[in-house]
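J.: Okay, here's what each chain looks like letter by letter:
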Amino acid sequence: MASQSNTDAHWRKTTRLMFMHLGVWFFFGYVIHMFVKPLNTIVIPVLGFPLGFYMAAQGSLIVFVVMLFMFAKQQDKIDREFGMAEDD
Amino acid sequence: MATQTAAGADAFYKQLGRMYGTYAGGFVAFIVLLAILEQMGVPNKVLGYLFVFFTLAVYAVIGVMTRTAQLSEYYVAGRRVPAFYNGMATGADWMSAASFVGMAGTLFLLGYDGIAWVLGWTGGFVLVSILIGPYLRKFGAYTVPDFMAFRFGGNFARFIAVIVLVCCSFTYVTAQIYGTGLIASRFLGMQFEVAVFAGLVGILLCAMLGGMRAVTWTQIAQYIVLIIAYLTPIVILSTQHYGIPIPELTYGTAIAEITARENQMLANGLATAATLKPHIQPFINYSPLNFFAIIFCMMVGTASLPHILMRYFTTPSVREARQSVAWSLLFIFLLYFSAPAYAAFSKLEVYTNIIGANVTSLKPWLFQWGQLGLIQICGKNASSIADVVAACKAIAGHTGVVRLQDFVINTDVIVLSTPEIAGLPYVISGLVAAGGLAAALSTADGLLLAIANALSHDIYYKMLDPNAPTIRRLTVARVLLFFVAVASAALAATKPGDILAMVGWAFSLAMAGNFPALVMGVWWKRTTATGAICGMLAGFGLCLFYLVCTRYFPGYGVKYFGMSSLLSPLTGAPLVDIAKAMALPNAMETWPTLAHPMANKIGWFDLNNIACGLLGMPLGFLVIYVVSLMGKEPSKEMQAYVDEIRKPRGKTVLEEKA
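Protein chains in written order, with my numbering: chain E, 1 to 88; chain G, 1 to 658.
Don't read these hints as lab results, they were simulated from the structure.
Treat the hints with care, as some may be off.
DEER-style ranges, computed between Cβ atoms [to be verified]:
| no. | chain 1 | residue 1 | chain 2 | residue 2 | range |
| --- | --- | --- | --- | --- | --- |
| 1 | E | E81 | G | T494 | 52 to 62 Å |
| 2 | E | E81 | G | L629 | 26 to 36 Å |
| 3 | E | E81 | G | I246 | 39 to 49 Å |
| 4 | G | N410 | E | L47 | 23 to 33 Å |
| 5 | G | M463 | E | L47 | 48 to 58 Å |
| 6 | G | T494 | E | L47 | 41 to 51 Å |
| 7 | G | E633 | E | M34 | 39 to 49 Å |
| 8 | E | R12 | G | F482 | 42 to 52 Å |
| 9 | E | L47 | G | M40 | 36 to 46 Å |
| 10 | G | F156 | E | L47 | 48 to 58 Å |
| 11 | E | K73 | G | K14 | 19 to 29 Å |
Chain E is nowhere near these chain G residues, computed Cβ spacing over 12 Å in every case [to be verified]:
| no. | residue |
| --- | --- |
| 12 | M265 |
| 13 | T360 |
| 14 | G373 |
| 15 | T571 |
| 16 | M630 |
Glycine included, each C-beta is placed from N, C-alpha and C at the ideal position.
Could you build the full structure based on these sequences and the hints that come with them?
T.: Written as structure tokens, this is what we have:
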């Protein structure tokens, strides 16, 4: 049986991870697109995309996919650390 | 006996890879076979029928084979769907007719601003995974209202959650059935109303007998069809034009060419600055506020839609629920990051081969869509060369060369016509139609199941007859599913005008009604039942009020609620002259059509009504917080349950008796 302090420590770490990912989500979901006009002056070499357009059409999406796989790993690590992960 | 079935099930799950691999291979072989038939001179219409009926038959066979009479199989597929496959099923569940057929067209029309939808419909899965999904899986519910009822003191909270669920799912499912009707009538030449009910049969065969279990295995099959269908035409197109079969990389060049062509058209008088909206220029169709509001509402709405959340109830563990969200987004991403390529290739084609061309030299594919009223040139349906020539002659000073302002295309045409634009054989068009059908059917299945489950499990079993035996519960679920499906097909057959806007509204309604209560219920132990109920009512109520008032009672909104005209994103000027519109005899008309001068064009803070969740959700959070603090802390027992939800290890909190 997990003690209350163990439970609280697990939740503190989980919460910190949550805010970290929310921060990344907010940055790539919103903040970066606020700068679309200056970013569009940069053109990605070879491919020819204006950078601001590219970030909205592909860049942010790639970040979301990658961060979800990372999140699943990181949260699982936290769960294991506090003995709260399910048996494999 | 029990061990025997368990062993059989294990073998079944081990073989999944081989089964679906064979299926995908079989599908490709089927396409090749049809291509050969086409070369041998089989008529197009027969090919179209073969495509649609073969795929429908496969879904139906899967649906019938995986039928079930067990409750946990019916409601949550026995909680045994591996993360990878659940991700694929969620992808099909998620991507609707609007994503498959409509999104590329929206991007074609709106350019950069259309990407708000791409971002909004992907980023929400981040919220699903980190804030809500895995916790609901640990809780062990059959439906989202189950969680609301347990955490927030019983059946009143359950009832509100059911209302939110039905409100946002019903309009959404109607849009899907409408989509099936549209595709079937265009490619099979059926009458629209007949096509709607034909699609209905396909949906019912999958969902009714086997519930979640059957829907899961069919959705995986449907995902495979829809992704192959979506990617094939643009991969071929990309290879034709740029020699590289990865359209997501090559369309950057197409965008540069579009920009160059835009300037050229302005220079030689083919377009005017007033009608040309440069493809990559941001914030000319939506103001920055509305652009970001749409992204936000679609994202948060994703994390609040019951038919998506319930897909994560089916994984074997909390860990797999998280992995499954990641797989879902990967599978969805494959389609969404290709949609802008469709838009760019089509736009380039239109700008170079139609705009600036002599009206007598237009290509024949265009007239097929013109006959359906989906492409107009010089203000008339482009049904034949003679019609187009006549229409353009009627315009004073027209030189016989198509200008940008002469050309109007319906957004649905973009994806469906790409194979013809590229001059590909008809078999590819049939493939695209089959893919669009798969997208519409799979989403409709998931939504219908969500509604029917809420009615049968939450209303009938939990509220009306808690002692109902299993067999009766399942029968009620199936009968309700049937009636909900027929009702939405009947509504779709009337072709309601607001159908596409309603899909956007569903997100805002779900977001305002569900999101604050779900998040606070998991993340803040101090949330009380009264607080959550008040918050749901306030948030959902405000959102619904804003929608209904701006769309159906615009005169009252202006007169009594201080609403004003939305502003043009380009000039900042009001879209309607309110003083003038209020003086008109129809100013106070209720339930007007979209032709009403103020319908959908008024509001507070220049906020489009599709993003009304932006008003409702913060209010929901605020009310939950304030009311909870005013009341007594939830019981120690409830707080211990919340702790339990937060730990992946151990049994689910809610144990359903079988």
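J.: Compare the structure with each hint and give your call.
T.: Status of each hint after checking the structure:
1. E:E81 with G:T494: 52 to 62 Å: holds (57 Å)
2. E:E81 with G:L629: 26 to 36 Å: Taking Cβ atoms as reference, E81 of chain E and L629 of chain G lie about 33 Å apart, which means the hint holds.
3. E:E81 with G:I246: 39 to 49 Å: The hinted range 39 to 49 Å holds for E81 of chain E and I246 of chain G, with Cβ atoms some 41 Å apart.
4. G:N410 with E:L47: 23 to 33 Å: holds (31 Å)
5. G:M463 with E:L47: 48 to 58 Å: holds (57 Å)
6. G:T494 with E:L47: 41 to 51 Å: Because 46 Å falls inside the window, the suggested range holds.
7. G:E633 with E:M34: 39 to 49 Å: holds (41 Å)
8. E:R12 with G:F482: 42 to 52 Å: holds (49 Å)
9. E:L47 with G:M40: 36 to 46 Å: Given range 36 to 46 Å: holds, Cβ gap about 41 Å.
10. G:F156 with E:L47: 48 to 58 Å: holds (56 Å)
11. E:K73 with G:K14: 19 to 29 Å: holds (25 Å)
12. M265: M265 of chain G is indeed farther than 12 Å from all Cβ atoms of chain E, at 19 Å.
13. T360: holds (34 Å)
14. G373: holds (31 Å)
15. T571: Answer for T571 of chain G: holds, closest chain E Cβ roughly 18 Å.
16. M630: holds (25 Å)
The structure agrees with every numbered hint stated previously.
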